Structure formats: structure tokens, C-alpha cells
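J.: Required output: the full structure, derived from the provided sequences and hints.
There are 4 protein chains.
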Amino acid sequence: MIKVSIVGGTGYTAGELLRILLHHPLVEIESVISTTSVGMPVAEVHRDLLGETNLLFAETFDQPDVIFLCLGHGLSRDFLEKNRLPQGCRIIDLGNDFRNEPVFEGKEFCFGLCELNREMIRKADYIANPGCFATSVMLALLPLAAEDLLRDEIHVHAITGSTGAGKKPGETTHFSYRDNNLSVYKPFKHQHLTEIGNTLKAAGSSQVPQINFVPMRGDFTRGIFASIYTKWHDSMPQMEMIERYKSYYAASPFVFVSEKSISLKEVVNSNKGLLHIEFHNGYIHITSIIDNLVKGASGQAVQNMNLMFGLEETTGLKLKGSAF
Amino acid sequence: MIKVSIVGGTGYTAGELLRILLHHPLVEIESVISTTSVGMPVAEVHRDLLGETNLLFAETFDQPDVIFLCLGHGLSRDFLEKNRLPQGCRIIDLGNDFRNEPVFEGKEFCFGLCELNREMIRKADYIANPGCFATSVMLALLPLAAEDLLRDEIHVHAITGSTGAGKKPGETTHFSYRDNNLSVYKPFKHQHLTEIGNTLKAAGSSQVPQINFVPMRGDFTRGIFASIYTKWHDSMPQMEMIERYKSYYAASPFVFVSEKSISLKEVVNSNKGLLHIEFHNGYIHITSIIDNLVKGASGQAVQNMNLMFGLEETTGLKLKGSAF
Amino acid sequence: MIKVSIVGGTGYTAGELLRILLHHPLVEIESVISTTSVGMPVAEVHRDLLGETNLLFAETFDQPDVIFLCLGHGLSRDFLEKNRLPQGCRIIDLGNDFRNEPVFEGKEFCFGLCELNREMIRKADYIANPGCFATSVMLALLPLAAEDLLRDEIHVHAITGSTGAGKKPGETTHFSYRDNNLSVYKPFKHQHLTEIGNTLKAAGSSQVPQINFVPMRGDFTRGIFASIYTKWHDSMPQMEMIERYKSYYAASPFVFVSEKSISLKEVVNSNKGLLHIEFHNGYIHITSIIDNLVKGASGQAVQNMNLMFGLEETTGLKLKGSAF
Amino acid sequence: MIKVSIVGGTGYTAGELLRILLHHPLVEIESVISTTSVGMPVAEVHRDLLGETNLLFAETFDQPDVIFLCLGHGLSRDFLEKNRLPQGCRIIDLGNDFRNEPVFEGKEFCFGLCELNREMIRKADYIANPGCFATSVMLALLPLAAEDLLRDEIHVHAITGSTGAGKKPGETTHFSYRDNNLSVYKPFKHQHLTEIGNTLKAAGSSQVPQINFVPMRGDFTRGIFASIYTKWHDSMPQMEMIERYKSYYAASPFVFVSEKSISLKEVVNSNKGLLHIEFHNGYIHITSIIDNLVKGASGQAVQNMNLMFGLEETTGLKLKGSAF
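If you read the protein sequences in the order shown, they are chains B, S, H and V.
In terms of the working numbering, the first sequence opens at residue 633 and continues consecutively.
In terms of the working numbering, the second sequence opens at residue 633 and continues consecutively.
In terms of the working numbering, the third sequence opens at residue 633 and continues consecutively.
In terms of the working numbering, the fourth sequence opens at residue 633 and continues consecutively.
Worth flagging that the hints you see were computed from the coordinates, not collected in a lab.
Among the clues, some could well be false.
Same chains, same label: a pair holds when it works inside one copy or across any pair of copies.
Cross-link-like lysine-lysine pairs, in silico, BS3-like; alpha carbons within 30 angstroms at most [unchecked claim]:
1. K892 <-> K799
2. K863 <-> K821
3. K878 <-> K818
4. K635 <-> K950
5. K818 <-> K799
6. K818 <-> K863
7. K714 <-> K892
8. K800 <-> K818
9. K799 <-> K950
10. K714 <-> K800
Note that the structure is predicted; figures quoted are calculated from it, not measured.
T.: Here it is as C-alpha cells:
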């Protein structure tokens, strides 16, 4: 059994990790750490876990094999500076601290996008888990990057669920505001753009074109719907490109190309990514959907753990989607 | 023109008052008072009012004819203790301070349920505007109280929209929590029970039976849906009772009895109350719907103002419902 | 491996069965039968199953060990009259055909409420899977029935998600109608009342008091929230009764008593039932929540299958809830 | 009083027209025509109108001054071929029949975008009311077209509420499907593209660049949120352009430029259009919001009527927004 510790245990991504790991056949949760709730039952904060665990929040870990950092962005560095991990303990960071600056105190963090870095991840000790928006966009673009077909600007609109904004209540997550509402935030300057660019290069793109990215807040709780297009000047037949998408993901158990147009709930509560590709007006148009908390965060983190520990990639991740 | 001042101007009920009063043909909004936002444009807080008003939040009022108190419950007393109103200024309090204790510093507050106290309100200077849950339940029961037919326990489930919980964000108004969710709160002990009981007596009930009231939080923004039943032992034919409901509300321009079963959105964004009555299992079952912010708060407050100033009761309140 | 056939394969409960059974470690889906979609990929109808199955809809079954009937209410009889099942094939009917009339052509259908009939189900060949509303109400009342404490009228309001109304679109499932809306239907006369009454008797109640049941349509997709109360005249201390609830369900892996008040999403997308108990006004008040498609239909059907085939009751049913 | 007849009276846009016109001070609704519901009370179909009208659906009109056609797209021609209108009767067509082919049987239909064609509309007898998506996009682009600054491709994502799909229930308007969901439809080829192009030319654009338009289905009932950008190579200071937007709409009582970013509900249930403008990456980015049923359909139709009959443009259209 892999002994796991979860740090930052009261937040959304920690809750989602617990939901997944409590049913993972090869994991034992050693500790769930929260400085604010020490001694409290985990199921009193993550109320849906009633009957599934008797764990209490702990102040610190014991001897985990792997530690998941579910802290706010910027706080993982802090944590690692202040806490000495046991010998050999691996790290999976769900924050953004090491995605673009992967070296810290002699540790090298591997960017944990399994569909791109599967082999590196198998050998890695430290993982920077990708951002949710970034995951949805990268899955849509990796096959084009691999063929070095990203030559022109990329246009992205992506709409995210409210859980992407975290647990702390605020104006734009107030139900009275958000229900039946939509809004744009940080247009053209979202912080995930850097990791998207770096990843496309790593995937084989000789250049990273400008990405015009308009993120939006949707009035749903889970999921990201990304609509992406870029010029298609290639002489390759369109069907051929769709086939290359399928080949690219043939070994990936969670990413699929749909012949039919897709709707967000087809992936909600699963670790899947679905893509749909059409060609119009001289553009290739890709829609890409993931669950922001699963494939966009905690599910992908477990997928990384599975690879790091030599398990089947899908272990504990064959989740029943909610569909409705 | 009636000069109006609104105190507590940044909250939900103040915003809704503004939405109504800005289009009221006989009202001039003299001041919108907020201690926290003095000098700020009103339309920066109530963003939907852009283009409809250039008012700024003020520190205090000038010479209003009527002042609407949109403060948190318990704060109206405070305000009246600390502020001297101009001679002759009327008060409509949307809080619960004077609903059950109507006398304060020599002022007598009339309970502003227009359908019951229309004539008293016409002569009143001070109004305690009814609570939202209370309004939905009282409208359902007034005709039974008037016939003194409330002899047995009354069973009430009533589900409210998120705006009933006010503007301050919190755990149970977080979109991630509330969307697609339901919960019970304060079962059997909601604070509106007292005003409901008092009102039924005032309406003619020789007794006030026990009211078993289960309030619920719904995953919608506006409206209250109340489902109410009590024993029906009367020898009166059922159709006759329905007719008496219709007669009771014949002079009330906002309350109607529907022959068909009703759904909440039939009243949302209007000042209407709709009732539907059936008889089953020896019970009379009444469903009652209002918009909590309109008939349950600010619309009813304007209805009271209209009566107090001798205007047509519906002035400024013929609102387009949203229906969807 | 248990070979399974699913009849009525395009509907909601069939889809949900597939979502569960595709990941069940001891099940092989032999056939998914739909007279209207023969030859079509199952994942074209249940779009979220893309990448999880290559099954096609079939016209008929081969040699299943168990057949799940996911037909409209009243159609299971028809199906069994027209189709000859293989020798020894078990049946789990998700419709209401055999809940109240359990004998059909020499077959005796056991009422599949595992928490009551666990031992009978282990020996049964034919199961009538309980209704969704009925399940939520029965779980709330079984411990009281077992103590023969149901002496007075029972008051029930229960609100259901839209998936309870099935796949065929109609007026009350139109998004424009249902979003942010609420309505009552079939008050005091819902068809599940009979099976609830029968079950309470079977659970030990010497009588079945009148049940005043007001079902409502909620503006969410999954789940039933039931709020139930009945007179509490017992001399038993209240804490003692709560302990008896816990004892009653001690051996049941999916039903739990929550000390804190509950909200619907704590069970959504899981096979759990959660109960919360309070005492007020001389009443015992129980709130009860389930996912109508899982514990209220397909999950419970799999739970029954597990028992019938001697498997651990929770096999394939340790589902990650959606929580949000 | 203007005598009005509404044809196609049971649909969504007819209902919304009724909601507006019943409170219009200078309108008398002469007839609401529906071939399927003759003799039925209008308030039995549009249930929220209970208490507001006793009108019955009629088979035909009498002597209206203006007739609103609320028929399905393509059916207005049919209607006009089969029905002889009274002498002098004006027509406002809410369908798309005459938007791009404005001449029919000697009648010339004026494109009813008030913000562009105000003066022409004042003199027109026949109006082709703009489409909802088109309205949201055109309002965003008119000032650029007027300055002839549309030189490059235009990128548009626009998300619409479910009422845009009409009353007939179907797969993509089923609550179980649509709630918490998102999907793309008709990407790059929506039928409104033609009227957008024609209008931009009429507004002063010397060319109509390619418009890359991705329409989406949102999980809300009312409203369109459009996010639009195009290259900004102009030497004009950015603030200057924003001022030109404000000037362009200075005489338009319903369209406003917001300094702050906007969210959809700021216009829901009103006839307003709000715009917000930013500059990033060499692009001008405009967000544009309207209520699809009001400014995008019936409200705009009444605005046209007001202009045609010499009334104040805002008569009957100072609607209380819902805000929540």
C-alpha cells in the first residue's frame, strides 16, 4: 500500500483527492493535514464522506510515501521550506509553484501532464500537477504541437465551473450572483498561459504563437469547456488530422476524440478529457472538456501517482461519471 | 412627488427598492444612504442600474417624506435612536424590529400586510413590513383565519431562494455548495412564526394552532414556495371555500387564486402572490408563491407606501414578470 | 463473472446501470437491449460512456445470468409475457410492476429494499427494485416501524430531481420551465404510497398510519430530499431513539445517520442514504436523502444483484460522490 | 391607444410581448392569435399572466393598427400570403423572413435595429426585427463599423439562454441534459451571420471581414453573453475609441458602455444592452450582453413600435431588471 499524506486538507482539491483515494485499492491515507482543523473529523468538513472515513485532521505527517500539496498558489514553497519531508517521500504539488519554475532546493519537478510526459513521470519523484484551464487547452493542442502545426495565433474561450475559484466564498461565487450568470475574467492574461506555452514547446512546437485566451466564469460547479481554433493551412486531409489526434491519444486511457459534438457533462465527475474537431473558414476548431477538479486537478494528481509508483495508470480512476 | 430616502442602501432589499422606485412615476429618490460607500455611484454596487441612475451613496438624508429602512434585523432601532428624522417623515421598516413589538419611542408601527390591514395602512405613519416567509404563509391562511377555520395544527414546508439570505457571502450561499442542492434550516423554530401567529389572530382566528414549519434553502435565487395543509372538517362544500378565498382577495390587486396548480416562476419578479387550493385526505392543501424580494420585501414596501400616500395601490408595481 | 443483460437500454436507469456495471469487477455486460436502437453504439446514446464501452444495442439477449428490466412502468409484465428467459436467469425489475403484486406466472418477486430484506434477497431469484421516493421515505421510517412506533399520521414533503421524470422531454422537464422553479405534483396520492405502506408493515409496524405525502419537482437533476415528521409520544429518551436508528443500520454499508443537518449533494452520485433526526414540537423530524438514480434505482439494483449472487454488498458501488 | 394583434400567440416571444404590452400605457391588445388554442384563456398558456389579462386566444384579428408576427422562422411569409391585413396595418416580424430579403409583395421591411436605423424606423410601416445573437454582436460592432475600423477578422463566442431555442421541448433543452452543461452548435455557420454582415455595411463599414462565430448553449434561461475581438491597429488612443462608443450610443436610451467588466444578469429582464471594452494583445475586446427575449426579441419589437407610432422610444420599456 502506498502511504499518502494530504496537506491543505480542508480545500476543494483535497476533498476531491480524498473522494478518489478512499476507494483506491492500493492507497492508505496516512494523514490529512490542516493547521486550522487539527483533531476534527475529516467528514465534518467534507460532509459527503460521512460513512466513508473516520480520519481526523492531523497537524503533521508521519512517514508518507507521497505527499500531495493542496495549498493555495504560492504556498507550496513555503510549506517545503518549513517542513522536512521523510527520506524518499515523493511530492505531487497541485499548486502552481513549480509548473514554470521547476527547480527548488535541489528538487526537480516534472510537469505532470501524463499524456505528454508519461515516461518522465514514471521516473519522477516530484510532480508539478498542471492547472485546470491549462489541461483543457493543452489536451486540445498537443497533437498539433507534435506535428509542429501551430504556426498562427490561437483563439481560446474557456468557461469554468465555480469550484475552480476555491472554497472561500466571495462576490463572484455567491449563488445569488452566479446562478444563471456569466462573466469574463482576466481576458488575454490568465496565469496559465505560461505553462501552456512551455508545454507546447515541450510537445514539439518550434514556436509558441500568441494565444488569445478569454476565460469565463460559468454558472455550473464542475468542468471546463474550451473552444479553440487556429488557422489550418495544412495540405493534410482533415480526416487525416483527426486520425492523428486519435493516434496521439491511443495509449492514453483517459483522452478520447469524439466524432460527434460534445457537451460538458460527458466528462463531469470522471478523469476523462474529450475532444471534438471540426474544420471551418480555414480554421481547425477543437472543443475540449474536462472536469476541473478531476482531470484538471485531483484525478490527474492520482494519475501521476499511479505512474510514479508503477501502477496501472487507471487504478482507482475508473470513476462513474455523473452524466446529469 | 414623494421624496424617498433609502437607508442601508447597498443590500439586496435596497437594490430591489431602487429597481422599483426608479420607475415609480410619483417618487423621487432623494438619498440612498450607506455608511460604507458614501460618495460611490449607486450603480457601481447595484450594477444592473447602470444607465438608470446617477445617484451617489450619501451619508445622511435631507428632507424625505418617507424613509425605508433596509438594515439588518435589529438595526432599525439603533438607527432610529441615533438619527432624528425630519418632522412628518414616515417610516417603512423592512427589518423585523417592529413586527412583533410595534411601539417604539411613541411611534406605533402598523403591520404592513396590505391584504389584511389596507385601511389601517392608509392612515399609518410607521410600517413594519412583513417577513418574506411570513407573507407567503399568511396569504395562504388569511381567508381560513377570517372564517375562524384554523382549529388544528398547520403543516408548512416553505422553500426560499438564496437572496433571502442576504448579500454577505457564506457557506450556504456559496454557488459550489448551493447549486443543485437543498437543505433544511431552523426547522420548527423560524423567527417568522410569531408574526404569523399574531397576524392570524388579527385576521379573525379565535386561536392560533401549532404551526409546524420546516423552512428550506432552495437552489434558486428568487422566490418562496410554501406548501401548507391543515385539517378540513368543515361542512362547507370545498368549492365554496375556494370561492371565499377569491372573495377575500377580490379587492387585492396582487393576490390571485389559480384553478390550476402553480409553479414558482409564475410570480418571480412580480409583486403577485398566487394561491392554489386542493382538498385531500381530510386536509385543505394550499400552495402559495411569492417573490421574496418583491412581494416578500421591497415590492410590498412600495405597496405600503402607495397606500400611505393615497396613491393607487399598484402604482409603479405593474412589473413584467420574468416567467423564465 | 456474472453475465448481465439490460433491457430498455436507452433510458436513464439503464444508462446509470451501465455507468456502474462497466466498472463492476465481477460483471460482464452481455447485452444491452433496445428495440429502437439495435446496432447503434451504446455510447452514442449514453454519450458520457465514450471510451468506456464498445457495446452495441442488441435486439435480444443470449444467456445472461441476470436480466435488469429498465422499462417504463407497466411494461415489465409485457416483456416477460413475450420473452422466454434462459433457464435459471434471475430478474431485477426497476419498474413498479411487481412491487405491490409480487407474484407473476409462478415467479415470486422479493421487494428489493436491501436494508429491510437483506436475507430474503440473498435467496431470491426475482427482485422488484423499490421506487425512488419510496426508498427515501422508507429508509427514514424503517427503524420507527421496527419499534412499532408509527402510531400517528406521517407528514412527508419530498423533492425530486428532474431525472426522476425520465428521458422523454416534456413541459415540466423543459429547462426554460424548470430552471429556478419549483412545483408540486400528485399531492397526497403518489403511486409510491402503497409500497411504502406495505414495507412499513413488513418492517414490523402493527399499523400503517395515513401518510400525507407532497411530492415536489426540484430544479436539480439528481437526488431526493425528503422531510418527514410524525408525533413522538414515546417515553424513550430522544438520544436513545437516534441510537436505535444507528443500530438498525449498523450492518448496512450505505445508510448512515448524520449528527449534523444534511444537504442533498452529500449523497449525489453515490449509493448512500443519509438520515438526520431532530425532535421538535412533540414530533420526530427526519430528513432523508438519496440519489434517485443510484440508491433510488440503478445502484440499489446492483446492490440487490450483489446480494443475490453472494458478493460483498458494496462490490462496484464504492462510488466517488460528486459533492459539488 | 394603439390596437395591437399578436400572431403566434402561444410561443415564447409572444408571451414576452404580452408581458410588456399589458403594461404599456398606450397600447390595447386587440387580439392574440393562435390556431391551436382558439378560445382558451391566454393566461392558461402564459401562466404568469394570471390576474393580468382575461384575453382569450382568437382565430383572427379585427382592425389592429399593428400586427406582431411571432411565428417560427419562415412562417411569416406564409401568414402574409394567406391573410389580408386591414388597410394601413403595420407589421413587425419577429421571425427571420425579411431580415435579409426585405421586399415582399410590394412591402419593404426596414431592419429594426433602432440604434442604427432609428430615423428610418420612424417612417417605416414594416419592420424585420433583428435576431437575438445578431443584436448582441451588432451592438458591439456598430461604432467600429461607423468609423470603418473593421479591417480584420472578427472573433465571436456568444452563449445563449435556453429560451432562445423556443418552447418545443427537445434533447438539448431537457433540464436533465442542460443543467450545469455547455455545448457548441452551428460553429462558424450560424444563420445570423448574414444579417450581421449586411448591418455592418449599412453602418458604414467599407467591408465585412470574415466573422468567426462560435455560438454556445448556456445553462441559463435568459440572455446572451457575447465576447468579441478584432485587431486594433488604429493610431487612435484607446480611451478615445471608448469615448466614441459612448457618443455613438449617447442618443440611445437602452445601450450603455460600462467602465467595469459586466456580467449577464445586469441586463436580464430589461431592454438594455451593455458593452464593456478592453484592449489586449493588439486586439480590441468587447463584451456585449442583452436579454435574448427582451432586447433580443420582444422588447426591441416594442421599441420599434414606439418609434413607428411617434412615441417616446422607452414607453412601456422601463422594466425592472431581475438582477438575481
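J.: Each hint should be assessed against the structure and marked as holding or not.
T.: Cross-check of the supplied hints:
no.: 1; hint: K892 <-> K799; in the structure: between (35 angstroms within a copy, 20 angstroms between copies)
no.: 2; hint: K863 <-> K821; in the structure: both (21 angstroms within a copy, 17 angstroms between copies)
no.: 3; hint: K878 <-> K818; in the structure: between (33 angstroms within a copy, 23 angstroms between copies)
no.: 4; hint: K635 <-> K950; in the structure: both (21 angstroms within a copy, 20 angstroms between copies)
no.: 5; hint: K818 <-> K799; in the structure: both (20 angstroms within a copy, 24 angstroms between copies)
no.: 6; hint: K818 <-> K863; in the structure: both (24 angstroms within a copy, 19 angstroms between copies)
no.: 7; hint: K714 <-> K892; in the structure: neither (50 angstroms within a copy, 36 angstroms between copies)
no.: 8; hint: K800 <-> K818; in the structure: both (19 angstroms within a copy, 24 angstroms between copies)
no.: 9; hint: K799 <-> K950; in the structure: both (26 angstroms within a copy, 25 angstroms between copies)
no.: 10; hint: K714 <-> K800; in the structure: within (24 angstroms within a copy, 35 angstroms between copies)
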